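Protein chains in written order, with this note's numbering: chain A, 4 to 221; chain B, 13 to 659.
Mixed in with the good hints there might be a few duds.
[Stated by the list, open to error] Beyond 12 Å from chain A on every Cβ pair, some chain B residues (computed): (1) Thr194; (2) Glu321; (3) Ser354; (4) Ser456.
[Unchecked claim] FRET-style restraints, in silico, Cβ to Cβ: (5) B:Ile614 <-> A:Asp164: 20 to 28 Å; (6) A:Val219 <-> B:Leu375: 27 to 35 Å; (7) A:Phe185 <-> B:His215: 17 to 25 Å; (8) A:Pro202 <-> B:Gly525: 35 to 43 Å; (9) A:Lys144 <-> B:Glu179: 53 to 61 Å; (10) A:Pro202 <-> B:Glu244: 36 to 44 Å; (11) A:Phe185 <-> B:Glu243: 31 to 39 Å; (12) A:Lys187 <-> B:Asn382: 35 to 43 Å; (13) B:Lys26 <-> A:Lys144: 19 to 27 Å; (14) A:Val219 <-> B:Ala71: 36 to 44 Å; (15) B:Lys583 <-> A:Val219: 53 to 61 Å; (16) A:Pro202 <-> B:Leu67: 47 to 55 Å.
Worth flagging that the hints you see were computed from the coordinates, not collected in a lab.
It should be emphasised that the depicted structure is a prediction, and the values quoted were computed from it without experimental measurement.
For glycine and all other residues, C-beta sits at the position ideal for the given N, C-alpha and C.
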Amino acid sequence: MNHKTKFQETDIINIVIAGTAGQGVITIKRLIEFAAHDSNCQSIFGSEMHGLAQREGAITSHTRYQKILSHNVRKNLYSPSICYGGADLYLGFEPSEVLRRAQFASERTIFCINSRTIPPILVAAKMDEYPKLETIEKILKEISNNVFFINATEMALDHFDDAQKMNMIMLGFAVASGSIPFIKIDDYKNVIKRELRQPDMNIKAFDLGYEKGKEVFG
Amino acid sequence: MSSKDNRFYLGENKEALMIGNEAIVRGCLEAGVGFVAQYPGTPTSDIGETFQMLLKNDAELREYLVHHWAINEAVAVSECVGAAWAGSRVLNPLKHVGLNVASDPLSVIALNGPGPGAMVLVVGADPGSLGSHQEQNDRFYSWMLHLPVIEPWSPQENKDWIKIAFELSEKHDIPVYFRTSTRVAHSRGIVKLGEIQKPKEKHHFTRNIPKYCSLPPHAINNHVRLYERIEEVRKELPKLGLNRYIEGTNTTGIVTSGMPFGYTMEALNQLNLNDVPIMKLGIIYPINYDEIIGFLQKLNRVIIIEELEPFLEVKIAEICHKNNLKVEVIGQKYFPKFGEYSTGLVSEVLAKIFNKQPSQIMLKAQKYYNSFQNIIPKRFPTFCSGCPERATLYAIKKATNDLENTVIAGDIGCYVMSFFPPNECSDFIICMSGGLSAAIGLSSKTDQNIIAFIGDSTFLHTGMAPLAEAVNYDCNIILFIFVNNWVAMTGHQEVVGVTNHKLSISKICEAIGVKWLKVADSYDPHNLIRTIEKAKTKKGVKVIIIRRECALQANRFRQSEIRKLKEQGEKVREIMYVISNCQMCMECARVLGCPAIRRTTINGQEQMQIDQDRCIRCGVCFEICPNHAINKIDLYPFDKEVSFREP
């Protein structure tokens, strides 16, 4: 496993988060950005989509940051969206949604994916097919060796009786993978306390994901 | 979680992380804005939501700042200039197509000028049609109406430049066009803050007929004055410092502005083209000729990087032509005139122009993606679980023998999604209330059943006028008005007069002269089907008002009530819908199409199943299942019941 990438402080860190409407893609994106700011990252630029936010649609967001600006102005962060193949971390809340934006991934990408599927209505209506999880995994493993599925929705239901806590478990898991460098764990927790309802429960979910991540990533 | 958002209170030189729209609001507070009016529209709706949130939590702010959700964009822009004429600084946010609605009053407001106050329009463009029905290049309004156009790129520029926009407007008695885009409005970055102004003085309107009454001869005089004002703005450009020059020795240079600047910088870095000079324009109309000529004189070729129809390219080609500059202008011979740009797109095109190898990582990622793209299941936006509009579509299908001999006039609102599969029941969509208007023409040329959709907010926006005309001509149309209490599509802003029950849509319809009007509930689908069947037998305009609160809002409210009761230790009645003995007839999944229903295999047997965490308990599937395979399970029938609230 070569997932322990070494990051330079002037590197632009690229995080894709994908899921379906209502899963908390934008919430988690904002948490990472606020935590990056609290951890004194000098440049942050990320893009999110509003408007169809609750219409069962596909949602993707991009988060990008630099710990320290480069002296060469041409090497810094200028676009809020990631280029094809550019993701360092791909956080997926729904497996087919990870495929939908997989053009942003490359061999250096670490995939952290919630394995619970949310089939689109056309699949229920037998007008479209949902690929098998094994197929999705196989496709992604052609891109990168670092593809990790966890059953975060089930963990959220088991521990908190609340499927929504999946997103915080996924964040904790991804943090443990080491692919969101230069942001301190305490900064995530402070931001959770500042920005979210039920902060204690959310921190517990974050910790649960983090512990799970430690088991996987060491 | 505190109720006051600290980012709007931090003092000078502090930093905050903001999306473009939040930065605009912060900039307005620093500029001392006193009045804001807007009709919601992505990507500018959340400017209003942010103002509303601040006003709700801040009594002092309420003393000097007013925010209105206006009934439509034409009303909003005139409201704004009224406040400006009293001496206030005013903001009018609107989406690019909203500007079409506002353009009639704006064409005169530009002549008159907003003085003694100041007026800034934030126009949210939408290249790529990410949240709109089209992607028009709204920049051309600036040529027609002579409005200075400022184009920010980062949240910092949004915050800083909106203040400059107000100063420019006030100084030159001209409305300023502050043009963002979906990407600019919704990208988050670090913003260094300035000092907040609190304009508490009272204002006063002073009569000035030549200025405010643009009729002949004043209309022509004000037109001349407008040319003069735009030239004054042009003279001031060098002092504003909105343009940015990044030097380089290459004889091919780039002119760009707004978000394409970001893509350009990263694409150049990716291609290792680090000697290309770049001129980033912060103001694209009027243009500072001397600065552009100075930039062009050192070049053999200039590449214009801008989204949609060529705007800067035309201007720069004109400058080259008029000044005999031998510079090849390269723009949309290579770049597409449609869709949103990206770093990848700009990088591919620049590679072609500069004869470079594009990034192999990027090409490989795209190529591999194309190989599996067709197995990704399509996920169209659709009605939320329990949406009363979905249940209405179901009843219409049943009452018309699956839309036999029926035309459906769609419109703008959540019901716009009815054209996506599996519903597929809007035959056309034009613009706000365009559906009902087109239905009038249609009904005079065909005997088909004509059904039109409109929401409460769209009805008030521009729908009353076509309804009056339809009544006047006795058009055979069944109009569904969805009274769900919210401007739901754009994120649940208030519907003027409806959310607070100050006006009654059914009384408006009666006053307009509608003789056949029924108020129905789509959660009772069998009754609704009978109502539609009855409407089909009547001549003239029939109105069916679907009175059900937006399911998202209704469920949020209900869940919060349940939470409160549970926290108080009360037991709450709980209902669940569960499928057993499913015959796989597909009625719930295909004809109704609720996203809480999934197809699954249990013990080798294919069947439908309801996701309990996504079902909001509207009960429509239970009502319509032809095989009675959906069971209603009442968990604690004797405990306290929390129903959906009355709209």
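Interface exclusion of Ser354 of chain B relative to chain A, criterion Cβ beyond 12 Å: violated, 6 Å
Assertion that Glu321 of chain B lies farther than 12 Å from chain A (Cβ): holds, 22 Å
Distance restraint hint 36 to 44 Å, applied to the beta-carbon atoms of Pro202 of chain A and Glu244 of chain B: Violated: the Cβ-Cβ distance is about 54 Å, outside 36 to 44 Å.
Range agreement (Cβ of Asn382 of chain B with Cβ of Lys187 of chain A, hint 35 to 43 Å): holds, 40 Å
Range agreement (Cβ of Leu67 of chain B with Cβ of Pro202 of chain A, hint 47 to 55 Å): violated, 26 Å
CB-CB spacing for Val219 of chain A and Lys583 of chain B relative to the 53 to 61 Å hint: violated, 41 Å
Supplied distance hint 53 to 61 Å, evaluated on CB atoms of Lys144 of chain A and Glu179 of chain B: holds, 57 Å
Distance restraint hint 20 to 28 Å, applied to the beta-carbon atoms of Ile614 of chain B and Asp164 of chain A: holds, 23 Å
Closest CB of chain A to the CB of Ser456 of chain B still more than 12 Å away: Holds: least Cβ distance 35 Å, greater than 12 Å.
Val219 of chain A paired with Leu375 of chain B, Cβ distance criterion 27 to 35 Å: With Cβ atoms ~32 Å apart, the hint holds.
Phe185 of chain A paired with Glu243 of chain B, Cβ distance criterion 31 to 39 Å: Violated: the Cβ-Cβ distance is about 50 Å, outside 31 to 39 Å.
Lys144 of chain A and Lys26 of chain B - C-beta distance against the hinted 19 to 27 Å: Since the Cβ atoms of Lys26 of chain B and Lys144 of chain A sit about 46 Å apart, the hinted range of 19 to 27 Å is violated.
Consistency with the previously given hints fails for numbers 1, 3, 7, 8, 10, 11, 13, 14, 15 and 16, ordered from lowest to highest.
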